[in-house]
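J.: Listed in order, the protein sequences are those of chains Y and X.
The working numbering numbers the first residue of the first sequence as 695 and each following residue consecutively.
The working numbering numbers the first residue of the second sequence as -13 and each following residue consecutively.
Since the hints were made in silico from the structure, they are not lab data.
Incorrect hints may have been included.
Unchecked claim - Covered by chain X, per the in silico footprint, the following chain Y stretches (three or more residues, Cβ under 8 Å): (1) 787 to 800; (2) 839 to 848; (3) 857 to 865; (4) 869 to 877.
To be verified - Computed list of lysine to any residue pairs in SDA-like fashion (alpha-carbon distance at most 25 Å, straight line): (5) X:Lys415 x Y:Gly832; (6) X:Lys190 x X:Arg401; (7) X:Lys392 x Y:Gly832; (8) X:Lys396 x Y:Gly755; (9) X:Lys464 x X:Arg401; (10) X:Lys392 x Y:Pro805; (11) X:Lys55 x Y:Pro805; (12) X:Lys396 x Y:Pro805; (13) X:Lys392 x Y:Gln807.
To be verified - Over the 12 Å line for every Cβ pair with chain Y, so calculated as not near, a few chain X residues: (14) Asn(-10); (15) Thr(-3); (16) Ala1; (17) Gly2; (18) Ala6; (19) Val43; (20) Met72; (21) Val492; (22) Thr514.
Even glycine gets a Cβ: it sits at the ideal position worked out from N, Cα and C.
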Amino acid sequence: MSSELTAVAFPGRAGNATAVAGDSSATRSLAVDVAILMAVAAGIAHLISIRTHWNWWQASGAFFAVITVAQFALGGVLFFKRTSLNVLLFGIWSNVLVVAVYVASRLHALPGQPVTTAHHAPRAPGRSWLPATPEGVGAFDMFSLLLELGLVVLLLTLLPAKWKSRTSTHLMFTGIAFVVFAIWALSTNGTFR
Amino acid sequence: MSLNRRDLLKTGVFAGAAVALPAARVAGVGAAAVTRMPTSKLPAPFTVPFTQAPVAVPYRQDATTDYYKLSMQAVNAEILPGFQTMVFGYNGSVPGPTIKVTQGRQAVVRHQNNLPAVHPTLGYEPWTSVHLHGSASLPQYDGYASDITRPGEYKDYHYPNFQKARTLWYHDHGVHHTAENAYHGLLGQYHMYDPEERALPLPKGEYDVALTVGDAMFNSDGSLLFSLANQSGHWGDVILVNGKPWPVMKVKRRKYRFRLLTAAISRSFKFSLSNGSSYQVIATDGGLMPAPMTISSHRQLSGERYEIVIDFAQVFKGQAAGSRVSLKNTSPTNNVNYINTDKVMAFEVTDEVFDTTNNSVPPVLSTKNDVMNLVETQAVASRTLRLERSGGAWTVNGTTWDHIVKSGFKFAEARPVEGTIEKWTIVNKSGGWFHPLHIHLVDFKVLRRNGKPAFAHEMGPKDVVYTGENETIELLMKFDGCGYYMVHCHNLVHEDHDMMTQFEVVSPMHPGDDPMTAAMAKSMALETFDVL
């Protein structure tokens, strides 16, 4: 990260760092508090899901474990008043990555994802199965998604104006990429048949 | 802490896409329906003439056996007037040719899989396994789901035909693709006759009519619309009878015997005549009932067969030629219904002269049916099968077919001893769905439904039982035979999503044949040297 970025610091819970013009410490403090709660809540949501995902697909379980650690770490860093630009950008883009994997997994089977059921009839090795399909959308995972999206928006508001504009532009392109991916997934019926 | 309008909009694109795209895919059934042929382009009910499937002709015969060849192949058929629909037919026919056999004469059917290597639109490999539903075939000829015949292969199925007269049907049973294959047409009726049934004065010949009822949905180009987005089932908006949409059949003023098979993928029906007339049920899945039952409606689901006699002299009494009465469907719960799925077919009366023989239903039909003569005290074991949705999977006693596969096809839910009688209790604690439970090999007697006597139309030998919402059904059966046989839900979408298990009939005298290896499919390239 450039020195410009690391040099920009933002108020934490007590407004003890350089303030951004036009922002009040109290508001920023509340935003960070809410961001901490959301990061921890997202971490808990992923922690709860590790076991079932591990049983289904170990790579998925490991991914959930990493997300859990990252969300708790983000919450911890924010709690201990580390709200540098690096931290905020990490918080935003790590959550964008999680959201991207979520969107991808709901639109198309992921590479290496286990087949729906592992039927390997002896006479047709490797052929007698249902191809892997996109995961379903449930209330719990939608709740986690909304937490992550809320976290992204909250952290975005804490960025300086220049970075808000730049980052929101990148987010917009990410959203467009989701749409392009969805069109491709529709053409493949969501599977690697 | 704020975002200006432009940044907010840009972020909104991201967040909106993240939420809306997965949600839109979940609504995939709705998306698929966008391509569905509009109702306005479907034929009006009761405008298409009724037809029956052709009768299969043996390829050759010898002293003991009739030999048939049936080729499964993709063909275009005009199901909806003016549209061509790609279907899978046995010898190009949908439904497949009706096979008619006599008790005591064996049949060998060579089923050739000449289907495309990959389904042109659904993208799966259409392997097959043919089940003669209602036959006590050896395990290797029973259509064991994982005993597949791949495109370019064939398999000879040997059918013993020792059982009593009945309406059987043959249909695909290939693991994971039964629903698609059957939906595309891989099914047909198989009638077995015996001296007891032939001696009765029941309607015969042209008055003994096969009705295979199903449903389908079509894309706007006439192709079949099939979606697996909903793992609960697949329901069409067009009711098909013998492959024709809501047909109209001309009938004479006399009794007709209808062999009514419901072969829908998931739909269940409650049949009745539109003018409220009653009709008689004379046979169930396993053949003649002890006595006919007069009813005015009955429910029936995938895989069940009921032989009913309708007396059109009574139905059209006092009405002029050209009058019509329709067969209705007042749908049971938990089906997906459309504007005309309450209609099945119509009967239009004529004043044509008719043969007056074989025009009655005797008060006693069969006293020799072993299954119906079983009594509960003969049971040496009681078992329970729970049909449930568990962990996102359709299960029987908590297991799926995957469990069988992983056991090397050795796991068995039950191991009854050959020749013994058992009571099985089928439990569906859900109010959200019904299950047509099919037990291979055996005929069973329905003892009780939720502690009450079986319905009147069920009081005959059965092999599929309507396991309705919150129902517990007690069955009695005798295990003759040996080896591994399947038990599964006959909602074919449930079946394909693994709602299958198996039992092994154990003989103290000899082991049963292995359904996977005892008679394997062979390459079509070698068929020249394998004369049937």
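J.: With reference to the structure, classify each hint as holding or not holding.
T.: Against the structure, the hints:
1. 787 to 800: holds (count 5)
2. 839 to 848: Per the Cβ count (5), the hint holds.
3. 857 to 865: holds (count 5)
4. 869 to 877: holds (count 5)
5. X:Lys415 x Y:Gly832: 23 Å, holds
6. X:Lys190 x X:Arg401: 41 Å, violated
7. X:Lys392 x Y:Gly832: This hinted pair is violated, its Cα atoms lying about 29 Å apart.
8. X:Lys396 x Y:Gly755: 31 Å, violated
9. X:Lys464 x X:Arg401: Measuring from Cα to Cα gives roughly 13 Å; hence the hint holds.
10. X:Lys392 x Y:Pro805: At roughly 24 Å apart (the allowed maximum being 25 Å), Y:Pro805 and X:Lys392 satisfy the hint.
11. X:Lys55 x Y:Pro805: 43 Å, violated
12. X:Lys396 x Y:Pro805: Violated - the C-alpha atoms of Y:Pro805 and X:Lys396 are around 32 Å apart, more than 25 Å.
13. X:Lys392 x Y:Gln807: Holds, because 19 Å separates the two Cα atoms, which is no more than 25 Å.
14. Asn(-10): 8 Å, violated
15. Thr(-3): At about 5 Å from chain Y, X:Thr(-3) fails to clear the 12 Å cut-off, so the statement is violated.
16. Ala1: 5 Å, violated
17. Gly2: 7 Å, violated
18. Ala6: About 9 Å separates X:Ala6 from the closest Cβ of chain Y, which leaves it inside 12 Å; violated.
19. Val43: 32 Å, holds
20. Met72: 18 Å, holds
21. Val492: 23 Å, holds
22. Thr514: 22 Å, holds
Violated hints, in rising order: 6, 7, 8, 11, 12, 14, 15, 16, 17 and 18; the structure is consistent with all others.
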